[in-house]
Amino acid sequence: MDFLIFKAPMLMVQASLDGILLGILFALIAYGMALQWGVMNIINIAQGDLVILGGYIAYTIYLWGIHPAWGVIISPIIMFFVGWGLYKLVINKVVDRDLFISILATFGIAIVFQQLMNFIFGADVVVAQSEYGTTMLFDNSVTLPNSKIFSAFISVLYAVALVIYMKKSRLGRAIRATAQNARAAKILGVDTEKVYAATFGINAALCGIAGALISITLTLHPYVGLPYTVRSFMIVIVAGLGNLPAVAVSGMGLGLFEEFADYILGTEFRIGAVFLLLVLILVYRRFKLSKKREYLK
Amino acid sequence: MEKVKQKDLILYSGLIILGLAAPYLFSAFKVQLTYLCVLIVLAMTWNLQGGEMGYNTFGNILFYGLGMYLTASVQVGMFFPLAEWTESGGEKTFVHTTAQYFQGIGVGLLVSAIVPAVIAGAIGYAILGLRGHYFAICTLGLGIAAGEIAGGIEIIGAGQGFTTPPFPAEIVDTEARGKFFYFLSFALLVGTFIFVKYIYGSRFKLILNAIRDNEDKAEAMGIQTMKYKIVGWMCSAFFCGLAGGIMGGLIGYIDSTDVAFDGREMGVFMVLMAILGGKGTLWGPVIGATLFHFFKEGLWTLILGWQYVALGVLIVVIVVYFPEGLMGWLREKYPERFGEVIDEKDRKAQVELK
Numbered sequence: 000m001d002f003l004i005f006k007a008p009m010l011m012v013q014a015s016l017d018g019i020l021l022g023i024l025f026a027l028i029a030y031g032m033a034l035q036w037g038v039m040n041i042i043n044i045a046q047g048d049l050v051i052l053g054g055y056i057a058y059t060i061y062l063w064g065i066h067p068a069w070g071v072i073i074s075p076i077i078m079f080f081v082g083w084g085l086y087k088l089v090i091n092k093v094v095d096r097d098l099f100i101s102i103l104a105t106f107g108i109a110i111v112f113q114q115l116m117n118f119i120f121g122a123d124v125v126v127a128q129s130e131y132g133t134t135m136l137f138d139n140s141v142t143l144p145n146s147k148i149f150s151a152f153i154s155v156l157y158a159v160a161l162v163i164y165m166k167k168s169r170l171g172r173a174i175r176a177t178a179q180n181a182r183a184a185k186i187l188g189v190d191t192e193k194v195y196a197a198t199f200g201i202n203a204a205l206c207g208i209a210g211a212l213i214s215i216t217l218t219l220h221p222y223v224g225l226p227y228t229v230r231s232f233m234i235v236i237v238a239g240l241g242n243l244p245a246v247a248v249s250g251m252g253l254g255l256f257e258e259f260a261d262y263i264l265g266t267e268f269r270i271g272a273v274f275l276l277l278v279l280i281l282v283y284r285r286f287k288l289s290k291k292r293e294y295l296k
Numbered sequence: 000m001e002k003v004k005q006k007d008l009i010l011y012s013g014l015i016i017l018g019l020a021a022p023y024l025f026s027a028f029k030v031q032l033t034y035l036c037v038l039i040v041l042a043m044t045w046n047l048q049g050g051e052m053g054y055n056t057f058g059n060i061l062f063y064g065l066g067m068y069l070t071a072s073v074q075v076g077m078f079f080p081l082a083e084w085t086e087s088g089g090e091k092t093f094v095h096t097t098a099q100y101f102q103g104i105g106v107g108l109l110v111s112a113i114v115p116a117v118i119a120g121a122i123g124y125a126i127l128g129l130r131g132h133y134f135a136i137c138t139l140g141l142g143i144a145a146g147e148i149a150g151g152i153e154i155i156g157a158g159q160g161f162t163t164p165p166f167p168a169e170i171v172d173t174e175a176r177g178k179f180f181y182f183l184s185f186a187l188l189v190g191t192f193i194f195v196k197y198i199y200g201s202r203f204k205l206i207l208n209a210i211r212d213n214e215d216k217a218e219a220m221g222i223q224t225m226k227y228k229i230v231g232w233m234c235s236a237f238f239c240g241l242a243g244g245i246m247g248g249l250i251g252y253i254d255s256t257d258v259a260f261d262g263r264e265m266g267v268f269m270v271l272m273a274i275l276g277g278k279g280t281l282w283g284p285v286i287g288a289t290l291f292h293f294f295k296e297g298l299w300t301l302i303l304g305w306q307y308v309a310l311g312v313l314i315v316v317i318v319v320y321f322p323e324g325l326m327g328w329l330r331e332k333y334p335e336r337f338g339e340v341i342d343e344k345d346r347k348a349q350v351e352l353k
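So the protein lines, in turn, are chains A and B.
Okay, so the first sequence: first residue is 0 according to numbering that gives the first Met the number 0, each after it adds one.
Okay, so the second sequence: first residue is 0 according to numbering that gives the first Met the number 0, each after it adds one.
Hints may be right or wrong, so weigh each one.
Derived lysine to any residue pairs resembling SDA-like cross-links, with alpha carbons at most 25 Å apart [stated by the list, open to error]:
no.: 1; chain 1: A; residue 1: K287; chain 2: B; residue 2: K226
no.: 2; chain 1: A; residue 1: K287; chain 2: B; residue 2: L17
no.: 3; chain 1: A; residue 1: K296; chain 2: B; residue 2: G123
no.: 4; chain 1: B; residue 1: K196; chain 2: B; residue 2: V114
no.: 5; chain 1: B; residue 1: K226; chain 2: A; residue 2: Y283
no.: 6; chain 1: A; residue 1: K291; chain 2: B; residue 2: N213
no.: 7; chain 1: A; residue 1: K92; chain 2: B; residue 2: Y320
no.: 8; chain 1: B; residue 1: K226; chain 2: A; residue 2: S289
no.: 9; chain 1: A; residue 1: K287; chain 2: B; residue 2: A219
no.: 10; chain 1: A; residue 1: K290; chain 2: B; residue 2: I222
Quick caveat, the hints were computed from the structure, so don't treat them as lab data.
All chains should be modelled from the sequences, with the hints used to inform the complete structure.
Shown next, in the form of structure tokens:
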């Protein structure tokens, strides 16, 4: 454990920029989580594995010789149907049930996904080379891969597009109506079953975009899905459901926390720090609420 | 009443005789039988939380892993420098004598029971204030964080793992190691069963049920729910720690994420077994664990490589289609056998309502 970061201020800038750019990506995944949680009342443990699957789709087209950046268009399209299929197969049976049932069922799905990805893509750590080069700042003391800037830009673009779509389109309005009151929406002629399937599909598509971006900025491995689930869960409980600016801010906050934890505690404790932060946030909120004799709902 | 007790007596003595004779009858399966005992203990203690108290935890793996590391560390640390042992295969340079080995594992198991219980008590107030799925996710995070952090600590072997002391070579009987661990785990199983059975006959169980059914009302009735929740968790931690300690000695090698804090296997198994058998019943977890173990051992080798896919599918199927478990299904089918009195008129009215 060395505190190099406090001796070199440029490292601090480096970590901050990395963290913010990474955090925007996390916020995109968390937005999908918030969407399905808010609309269907489901906590999807397989969220991270959907992300990784999306990443592997981008990696596959990279292996075919297509530039991996096209993954941000191809991957969400495929992932939308994966999500739709998953909904029809399993999720529709757990929508109205206890949340623990959905947690366990999606845990099962996560295990299946991990193992299948392990079979298909192998257990190696892979990365798709975008060959975007790097940007040097402050006399070359801060290096910023252009792929990270690209990923943050694409994330923002998609998030904004989705917000507009949710506000303006027919399906978007149906989704919001279902989230407010599923029964009333049903009475007024909304096909909630279809809305749920579409919501889960959109969530999976968001995961696909995030995964494609991760394939060029970070690394892919079949078993690293769960940290992404936990990160998005954490962002959602800090920001609340349906509060998009807060999701973006807390996503960036998480990114910053991670980069600094990486420098200060060492890389081997990075994932541990993320999970521990989740516990600390939950405990903090629990104590704050218990003063009012309430609890997290 | 007298008759029922006699029946129980025959059942229990039969099971105990079977348990004592098992390592001689199925000599080749001693390791599997030890696993079975540990699995049943884990399922029963999980059931105290998930089934009786309604706090679905993924975090009992924390105590299991802690127990594993503690037993091995104490067993080594009592006689040799721990850091040197883990650094470069200390088991080759330092050899436990027979007496040292058994003293070490005895003290180690004692520590591995008490420390997790104390830790459960210490963090219980903070963690058990969460409810429902927040509790589930929080404990999931706790278990994984523990694994990741243990994988970064040098003195217990960090990423390369920790070899537990080998069974003393002075004992020439090749069967001795298997028997020792089997009887250890069987004793733990009997102890756990007696304890859980005692709880099932006590007021404590009713309080846990009250917490499960409606915590706010239980509190309004004057029950200090937090106190009971913490005590319940400590009980689980006690037995999970012991189970982990025995498992560590049996496996002989501790890895932070694949053996000790193995949320992907043990952590899910204990939940699955309890649900398969039927949570909230005394015998459910026992039956569930036994069935699961047979299923697993029977199929695992047939579908080599696909076992995790099968496990995932199994989880989904059980959870989605079979959430009440075997005992729940039996209860629905033969309610009289469970001492439930059903009013025919009431039942008819229910059917009509549907």
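Comparing the hints with the structure gives:
no. : hint               : verdict
1   : A:K287 with B:K226 : holds (20 Å)
2   : A:K287 with B:L17  : violated (53 Å)
3   : A:K296 with B:G123 : holds (19 Å)
4   : B:K196 with B:V114 : holds (24 Å)
5   : B:K226 with A:Y283 : holds (20 Å)
6   : A:K291 with B:N213 : holds (19 Å)
7   : A:K92 with B:Y320  : holds (9 Å)
8   : B:K226 with A:S289 : holds (15 Å)
9   : A:K287 with B:A219 : holds (21 Å)
10  : A:K290 with B:I222 : holds (19 Å)
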